[in-house]
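J.: Keeping their order, the protein sequence lines are chains A and B. Each residue of the first sequence is one higher than the one before, starting from 1 at the first, in my numbering. Each residue of the second sequence is one higher than the one before, starting from 245 at the first, in my numbering.
It is worth saying that the hints were derived from the structure and are not from the lab. For glycine and all other residues, C-beta sits at the position ideal for the given N, C-alpha and C. Do not take every clue at face value.
So, partial list: chain A residues that the calculated Cβ filter (under 10 Å) puts toward chain B [unchecked claim]: (1) I44; (2) R46; (3) D77; (4) L83; (5) N87; (6) P94; (7) L100; (8) Q109; (9) D115; (10) K193; (11) R210; (12) K213; (13) F237; (14) R239.
Here are the simulated BS3-like pairs of lysine-lysine, each with C-alpha atoms no more than 25 Å apart in a straight line [stated by the list, open to error]: (15) A/K188 with A/K49; (16) A/K25 with A/K182; (17) A/K50 with B/K497; (18) B/K538 with B/K497; (19) B/K365 with A/K50; (20) A/K78 with B/K365; (21) A/K244 with B/K365; (22) A/K213 with A/K188; (23) A/K25 with A/K61; (24) A/K60 with A/K37; (25) A/K188 with A/K50; (26) A/K50 with B/K608; (27) B/K538 with A/K188; (28) A/K50 with A/K193; (29) A/K244 with B/K608; (30) A/K193 with A/K61; (31) A/K25 with A/K78; (32) B/K497 with A/K49; (33) B/K538 with A/K213; (34) A/K49 with B/K365; (35) A/K78 with A/K244; (36) B/K365 with A/K213; (37) B/K608 with A/K78; (38) B/K497 with A/K182; (39) B/K365 with A/K243; (40) B/K538 with A/K78.
For reference, the chains in residue letters:
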Amino acid sequence: MLKLLSALILIPAFSFSITAEEIVKSVDRNMVFDSEKGSAVMVISREGKKLTKTFTLLAKKRGEGNESFAEFTNPEDKGTKYLKIDNELWIYLPDADDILKISGHMLRQGMMGSDISYEDMMRNEDLASRYSAVISGETNLDGAKCYDVILTAKVEDVTYYRERILVDEDRMIELERDLYAKSGRLLKIFSQKGIQSFNGRYYPTIITVRDMKREDSLTTVELQNLEFDIPIEQGVFSRQNLKK
Amino acid sequence: MMKKILIAVSSALMITKLSFAAIDLSGGIRNDSYFIKTTNDVNFEDILENKLVLTRITDEWRFYADMRLYVLYGNIPPSALPNSQATNLGISSSAPLNYDFDLLRAFVRYESPIGVWTAGKIYVNFGNYGIFNPFELNKTVDLSDLTYDKDGILALQYDYALSDLSGIKVYAGPQGGLTNSSAGCSFHGHVDSFDGGLVYDRIGIDTNKAGFYLKGDLEVGVNFSYAYHFDDHLTNNFSEAAAGIDYDFFDGKLQAAVTYYYDEEGAISTNNYQPWGFNDVYFSARDYLFGDFKYTYDEFLSFELYIFLNLVDFSGVIAPSLTYTLSDGLTLTLLFSYITGTGQDEFSQDTFGQYSLTVRFEAKL
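Whole structure, please, built from the sequences with the hints as guidance.
T.: Here it is in structure tokens:
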């Protein structure tokens, strides 16, 4: 009897044929890219009201960090451009024809008033090097069987201390990411849908973000014309390109 | 003959259609209704601004023109408006209805293999963008809209990128006449988390300035600018400087920025006040403090409070405002300004009224 009880207790620990680290690395293989190009439509919804922003996006890995360049194309913000290099951000204001350096603390702010911060939008970091992972179980999300993985920061330089990701077991892509502060407070929920294959890489084309500090607030980003690991010419991620 | 005429007209129409099809039109409409309460009266002015921007961008060159048509109605003397658009337009007529047209900026920008050339009526700026920049060429301040677009100057500007984040900028502007032309140059670069630069600018005869600026992060955002003003004989010199910090709270919902401004030539008593904006400085006194606090409730609603404080006579402007986004590109702003000073104070109720209310409706097209 004791042997049976011991087996039942031990079975869950051996029920996954994959480790948490392997899951996270598989997710990174899908989500982390050398370069990315695309366009996006961002809809900010709150209490029945909506704002729509459209922009083009270029991003590239640069050593340990990242570079990204976004240009807004919706009429109200047309010509506004953002350049982000690692943790620094510059904005080109077309009306002023001038460039403004944004202080680092403002990267936490929502981009153009959305629930997605500048840090969130232009994030291209591998989880494996920044978080330790534990599988907390399995769950079902929108008909897909998912690993439930808890990530805890193992370096100082992270935006969210703890994350909970639900990883599609077949495609090894996050379908949901819950972001927590160090206090344990749930800050944001990212839902990733419209999963498509790009030369063997699975990537979401529809991302919805709920800021849990606000009621009835939702931002949806639909990514279009995505291309990965393409060559990007020299000089794109520069102040000069902001003024072009 | 008729056939030839028809072909010529059709071709001309097609060319015109193609030409206009390549030009991007944008702009907006803005209406400011401005109420001032003085000791004995309430005055009103309305400014309707129509903005039309033409842009054409190709791989190598860009054409840009920003035109404004203003319609003003009201009974407020321009001198009573603290550097609002009415004074910037130089409107002095006492008639209730006035019109004005302004070509704010118009330029052609060409990207050559050896750098970028910009010619026309352009906004030339050195230093840190924003209020209290010692290197700003146009130091008028619109207290009803601190970020209002500034007039360009006739100039030729050359930019050369030394790297992704550094470069040099040179400009020359003949608007003061051949012997009184303006010219300047700057080097800007990036080290660690700081942008910075060195500047020399000659605005005209006996009006030179040289200095440096920095902007970056030390846990909080910091910025510092210093300009040394001097005449052509290196005499009549004085210093001008600005230093500021900024930070945000509550996950970015509350932003706070404080800037100290110093003008060595500024008055240290109200007996020595000069009109605003003389001698290439912002205001009249020696020391100022500016605070800007913005709370973003959500994507549609935000509150802002800014405070100008003259540290010589301690008069100031306290201006809370509320901005509501009605829809994409449509905003409504309510701005209340309270003038604290009296008598000979710079920000005096006797000059600018006790308080004012601006109702601003803006549509971006």
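J.: Evaluate each hint against the coordinates.
T.: Cross-check of the supplied hints:
no.: 1; hint: I44; result: 5 Å, holds
no.: 2; hint: R46; result: 6 Å, holds
no.: 3; hint: D77; result: 8 Å, holds
no.: 4; hint: L83; result: 9 Å, holds
no.: 5; hint: N87; result: 8 Å, holds
no.: 6; hint: P94; result: 9 Å, holds
no.: 7; hint: L100; result: 5 Å, holds
no.: 8; hint: Q109; result: 4 Å, holds
no.: 9; hint: D115; result: 8 Å, holds
no.: 10; hint: K193; result: 22 Å, violated
no.: 11; hint: R210; result: 13 Å, violated
no.: 12; hint: K213; result: 7 Å, holds
no.: 13; hint: F237; result: 6 Å, holds
no.: 14; hint: R239; result: 6 Å, holds
no.: 15; hint: A/K188 with A/K49; result: 20 Å, holds
no.: 16; hint: A/K25 with A/K182; result: 23 Å, holds
no.: 17; hint: A/K50 with B/K497; result: 20 Å, holds
no.: 18; hint: B/K538 with B/K497; result: 8 Å, holds
no.: 19; hint: B/K365 with A/K50; result: 38 Å, violated
no.: 20; hint: A/K78 with B/K365; result: 21 Å, holds
no.: 21; hint: A/K244 with B/K365; result: 17 Å, holds
no.: 22; hint: A/K213 with A/K188; result: 8 Å, holds
no.: 23; hint: A/K25 with A/K61; result: 17 Å, holds
no.: 24; hint: A/K60 with A/K37; result: 9 Å, holds
no.: 25; hint: A/K188 with A/K50; result: 19 Å, holds
no.: 26; hint: A/K50 with B/K608; result: 16 Å, holds
no.: 27; hint: B/K538 with A/K188; result: 23 Å, holds
no.: 28; hint: A/K50 with A/K193; result: 20 Å, holds
no.: 29; hint: A/K244 with B/K608; result: 22 Å, holds
no.: 30; hint: A/K193 with A/K61; result: 24 Å, holds
no.: 31; hint: A/K25 with A/K78; result: 38 Å, violated
no.: 32; hint: B/K497 with A/K49; result: 20 Å, holds
no.: 33; hint: B/K538 with A/K213; result: 19 Å, holds
no.: 34; hint: A/K49 with B/K365; result: 40 Å, violated
no.: 35; hint: A/K78 with A/K244; result: 13 Å, holds
no.: 36; hint: B/K365 with A/K213; result: 47 Å, violated
no.: 37; hint: B/K608 with A/K78; result: 10 Å, holds
no.: 38; hint: B/K497 with A/K182; result: 19 Å, holds
no.: 39; hint: B/K365 with A/K243; result: 16 Å, holds
no.: 40; hint: B/K538 with A/K78; result: 24 Å, holds
Hint violations for this structure: numbers 10, 11, 19, 31, 34, 36, all remaining hints satisfied.
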